[in-house]
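Number of protein chains: 2
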Amino acid sequence: MPRNLLATHCTTEHNSAASWLSAPSFLCWSPLLEPLCQCIFLRHEAIVISGTEMAKQIQKEIQQGVESWISLGNRRPHLSIILVGDNPASHTYVRNKIRAASTVGICSEVILKPQTVSQEELLDIVDQLNVDPRVSGILVQLPLPDHVEEQTVCNGITPEKDVDGFHIINIGRLCLDQHSLIPATASAVWEIIKRTGIETFGKNVVVAGRSKNVGMPIAMLLHTDGEHQRPGGIPKLITSDMVKEGATVIDVGINYVQDPVTGKMRLMGDVDFEAVRKKASFITPVPGGVGPMTVAMLLKNTLLAATKSVY
Amino acid sequence: MPRNLLATHCTTEHNSAASWLSAPSFLCWSPLLEPLCQCIFLRHEAIVISGTEMAKQIQKEIQQGVESWISLGNRRPHLSIILVGDNPASHTYVRNKIRAASTVGICSEVILKPQTVSQEELLDIVDQLNVDPRVSGILVQLPLPDHVEEQTVCNGITPEKDVDGFHIINIGRLCLDQHSLIPATASAVWEIIKRTGIETFGKNVVVAGRSKNVGMPIAMLLHTDGEHQRPGGIPKLITSDMVKEGATVIDVGINYVQDPVTGKMRLMGDVDFEAVRKKASFITPVPGGVGPMTVAMLLKNTLLAATKSVY
Chain A
224 MPRNLLATHC TTEHNSAASW LSAPSFLCWS PLLEPLCQCI FLRHEAIVIS GTEMAKQIQK
284 EIQQGVESWI SLGNRRPHLS IILVGDNPAS HTYVRNKIRA ASTVGICSEV ILKPQTVSQE
344 ELLDIVDQLN VDPRVSGILV QLPLPDHVEE QTVCNGITPE KDVDGFHIIN IGRLCLDQHS
404 LIPATASAVW EIIKRTGIET FGKNVVVAGR SKNVGMPIAM LLHTDGEHQR PGGIPKLITS
464 DMVKEGATVI DVGINYVQDP VTGKMRLMGD VDFEAVRKKA SFITPVPGGV GPMTVAMLLK
524 NTLLAATKSV Y
Chain B
224 MPRNLLATHC TTEHNSAASW LSAPSFLCWS PLLEPLCQCI FLRHEAIVIS GTEMAKQIQK
284 EIQQGVESWI SLGNRRPHLS IILVGDNPAS HTYVRNKIRA ASTVGICSEV ILKPQTVSQE
344 ELLDIVDQLN VDPRVSGILV QLPLPDHVEE QTVCNGITPE KDVDGFHIIN IGRLCLDQHS
404 LIPATASAVW EIIKRTGIET FGKNVVVAGR SKNVGMPIAM LLHTDGEHQR PGGIPKLITS
464 DMVKEGATVI DVGINYVQDP VTGKMRLMGD VDFEAVRKKA SFITPVPGGV GPMTVAMLLK
524 NTLLAATKSV Y
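The listed protein sequences derive, respectively, from chains A and B. Going by the working numbering, the first sequence runs without a break in its numbering and finishes at 534. Going by the working numbering, the second sequence runs without a break in its numbering and finishes at 534.
The hints are simulated quantities; they were obtained by calculation from the structure and are not laboratory data. Worth double-checking, as some hints may not be accurate.
Over the 12 Å line for every Cβ pair with chain A, so calculated as not near, a few chain B residues [to be verified]: (1) 336; (2) 340; (3) 343; (4) 344.
With a Cα cut of at most 25 Å, we get these calculated PhoX-like pairs of lysine-lysine [what the hints assert, rightly or not]: (5) A:531 with B:283; (6) B:502 with B:467; (7) A:459 with A:487; (8) B:502 with A:426; (9) A:279 with A:417; (10) A:426 with B:467.
Just so you know, even glycine gets a beta-carbon here, dropped at the ideal spot from N, CA and C.
Can you make the complete structure from the sequences, with help from the hints?
Structure follows, in structure tokens:
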């Protein structure tokens, strides 16, 4: 993002009023330079975004949401936390969550179990909480002991009460751009970006780390930023200058174009095949590449379905 | 991938025997150079991977799978395809699928409906196929007419019969590294890469296009290549030379390190904060960045769950 755009950002009413942005202490703006070029100014440090301050603002909004929900005659929201063992970090996290819940008027309870608890017992507890109309949200504090499968326990929570957003259905909905309960850390990163006024649409974003509960959902949230399109397919979109020497190029494009010589319609991919093949190490043609393989894989899926090999 | 590695690849028994790899016509290998250095050779063109040939091989494998399934006294796999309207491309695709199914011994049927079919009727058909024990796989040929919501229809298919792999549960399972029916195009790309012997683990992969039915599942398949790890977190992993001038840096790392001066344990993120803040335009600190925001978003999820705003 060029600095001139940033300057515009920082001086908008929205951002200058935001309590979570601390302006760098030695920001220098030369009044002499300003008439010459608005975009030349010196700034040596990033604006530090205070998650603490932004969280206070969001907690205020949640508190208002809770109050108006209750004022309509509804039950107060209730968060049940299952905490296993005595990992000090986990206990600290749970304490913070309970304290914050109480600040915004959300009831909470902690169900404490020893390190030796069985997976079966955890699933039983989850089942009870699933059907308890008093309970709005269920959270299993991770990590669980090695003898318990975290994914099995997380998927035991009914998706509607899965406030950590780790259930298969919540992840699937997130990936497919449907409303879902979003994993809290990913959601935190998203709010930090959006409330600071940073545009991500069309930008390159690097997510360092590919964990399933943090990196992956962040990548998916940013992936679904803005409308996604049915793949258009553009003949020769991928030219040889875009391709690293020795790369493998798999072309999934499907385009019908008129052959300038014969006048007939001809199938083409998205890759400039003749140019790129000179640089790549492996390449798939169109037709005769991904297309027939797709049909084969559909049949394989049918066999997997028939033989009940997945479900 | 360096050329020397490629040379090794191409001469392994597995790959040299593969019928889907066509060696470039003017591959030059100088016998004089060979004793000097095995990795110096000239090659001007990529090896073309024939999806057509690879698909034939896979179809043989499927045919064997079908036969052995039936020989155990099971019903022959059956694929039901719902085709709406008269889009010529869709009709061609469906014809190809039926022909290939018959080749491998899979029964298929096409349920043809006019462009004016209602979403309700489509969902009814899907429901009947869902409970029909004769039917192993259900496929709705896309695109559907504008008055029908594709996602609603695709999610009407029971996940066990969703051979296109577009159901929320199949996508969620794919993203979380669990067995699932994988969308056929993504699966095709995966097989092409793997059967050619190309390593993707630890490599940079560019997926151009971010459609939900092709680009996203391909990215997710490659994302889950190899074991994923609980995020370790490494203090000062992200240094200022990795960060573009003016970038926004959001640090989700959590590390407890001993302060060399005070000897006390101190919380740190993964970013070299003091160095990176001089280059970035926005930055979040640790502590006081993503952490409190995560707690706030958890509470927001609890409120959303209580007010039934998602489900």
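The hints, checked one at a time:
1. 336: holds (20 Å)
2. 340: holds (20 Å)
3. 343: holds (20 Å)
4. 344: At roughly 23 Å from the nearest Cβ of chain A, residue 344 of chain B sits farther out than 12 Å, so the non-interface label holds.
5. A:531 with B:283: Given pair residue 531 of chain A, residue 283 of chain B holds - Cα atoms ~20 Å apart, limit 25 Å.
6. B:502 with B:467: Roughly 7 Å between the alpha carbons, so the hint for residue 502 of chain B and residue 467 of chain B holds.
7. A:459 with A:487: holds (18 Å)
8. B:502 with A:426: holds (18 Å)
9. A:279 with A:417: At roughly 16 Å apart (the allowed maximum being 25 Å), residue 417 of chain A and residue 279 of chain A satisfy the hint.
10. A:426 with B:467: holds (13 Å)
Violated hints for the displayed structure: none, as all numbered hints are satisfied.
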